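Visitor: Chains as they are written, first to last, in my numbering: chain A, 1 to 111; chain B, 1001 to 1166.
Hints are supplied without guarantee of correctness; some may be wrong.
[As the list claims (entries may be wrong)] Here are the computed lysine-lysine pairs in the DSSO-like style, where the Cα-Cα straight-line distance is at most 30 Å:
id	chain 1	residue 1	chain 2	residue 2
1	B	K1009	A	K80
2	A	K61	A	K80
3	A	K73	B	K1009
4	B	K1009	A	K61
5	B	K1065	B	K1009
6	A	K73	B	K1065
7	A	K80	B	K1065
8	A	K61	A	K73
Since the hints were made in silico from the structure, they are not lab data. If you're wondering where the values come from, they're calculated on a predicted model, not measured in any experiment.
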Amino acid sequence: MQVSFAGKGGSGKTTISATVARTLARRGYTVRAIDGDSNPNMAIALGIPAHEAIELAVLPKEIARRDVDPEGKRVTVLLKEPSDLFEEFGVDAPDGIRLLLGSRVGHAGSG
Amino acid sequence: MRGIIGELKAAEGITIIDMEAGLELFGRGTPGASDLLAIVIEPSLWSIQTATRIIDLARELGIPKLIAVANKIREEADVEWIREALRPQDVEVVGVVPYDTDVSLADRKMGSLLDVAPESAAACAIAELAGVIAREVGAAPTAPEASGGNGKAGDDGCPWVVDAYR
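Kindly generate the complete structure, drawing on both the sequences and the hints.
Guide: Structure representation (structure tokens):
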């Protein structure tokens, strides 16, 4: 399942989405998190120490390529399974959550 | 085209995306694969206007479930204002998070609300919201709930910063 949080800047999305993530993880769900913002705010809101949060790795652009689907629509094709990408490029957050910084992804290479 | 973020949907478990503020990622189709979109709204006109536009864009992307979360609430009238504003678009406010200075405290300490103020009204309300979201998407825990921690979902409800709101 994928759950996205949206809203105007400053509305409290990051605090709420991160706290929802921690709560569900404590209730035994397998939780992964993606920070779609360019600042590492979700890492901090999840409880990763600030000095670690600023050092977090970026997702390399080579993990995906652009392609065209049978209907002619442009699509992004991941070259690895999402769970593998979280495993390889994610970082550990409290309560067993795995976090990816999605916003620092470079543009996917052309297919 | 959803971009890389939108394609990161694991086969099991729950993937939570904290989207960049505003509308741009909707234009790119990023949350298009989401099973549920939670729209966080403060009691302000600009926040409500942004939310109504988000709802339109989310519906265009075909996201099956849209819910609203009223945040930084000080009085019931704030919640009613938000509910009424979303009624024409048929989106329900399923979570109400009170204005809570412990959230600011967690921000200043650069820590998680659950670590800095686990007994706060906001933490309690967000824990309730977490349960609602899990039910809405029909997810099941992978492992039994560990004892301890703040996974509680008490029947006596959450304390409010403003006692008048019940």
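Visitor: Hint by hint, say whether it matches the structure.
Guide: Comparing the hints with the structure gives:
Between the alpha carbons of B/K1009 and A/K80 the distance comes to roughly 12 Å, so the proposed pair stays at or under 30 Å and holds. Of the supplied pair hints, the one linking A/K61 and A/K80 holds, its CA atoms being roughly 12 Å apart against a limit of 30 Å. The hinted pair formed by A/K73 and B/K1009 meets the criterion: a straight-line CA distance of about 20 Å does not exceed 30 Å. The suggested pairing of B/K1009 with A/K61 holds, with an alpha-carbon distance near 17 Å, which does not exceed 30 Å.
Between the alpha carbons of B/K1065 and B/K1009 the distance comes to roughly 16 Å, so the proposed pair stays at or under 30 Å and holds. For the suggested pair A/K73 and B/K1065, the alpha carbons sit about 24 Å apart, so the restraint of at most 30 Å is met. The suggested pairing of A/K80 with B/K1065 holds, with an alpha-carbon distance near 27 Å, which does not exceed 30 Å. About 20 Å separates the Cα atoms of A/K61 and A/K73, which keeps this hinted pair within 30 Å; it holds.
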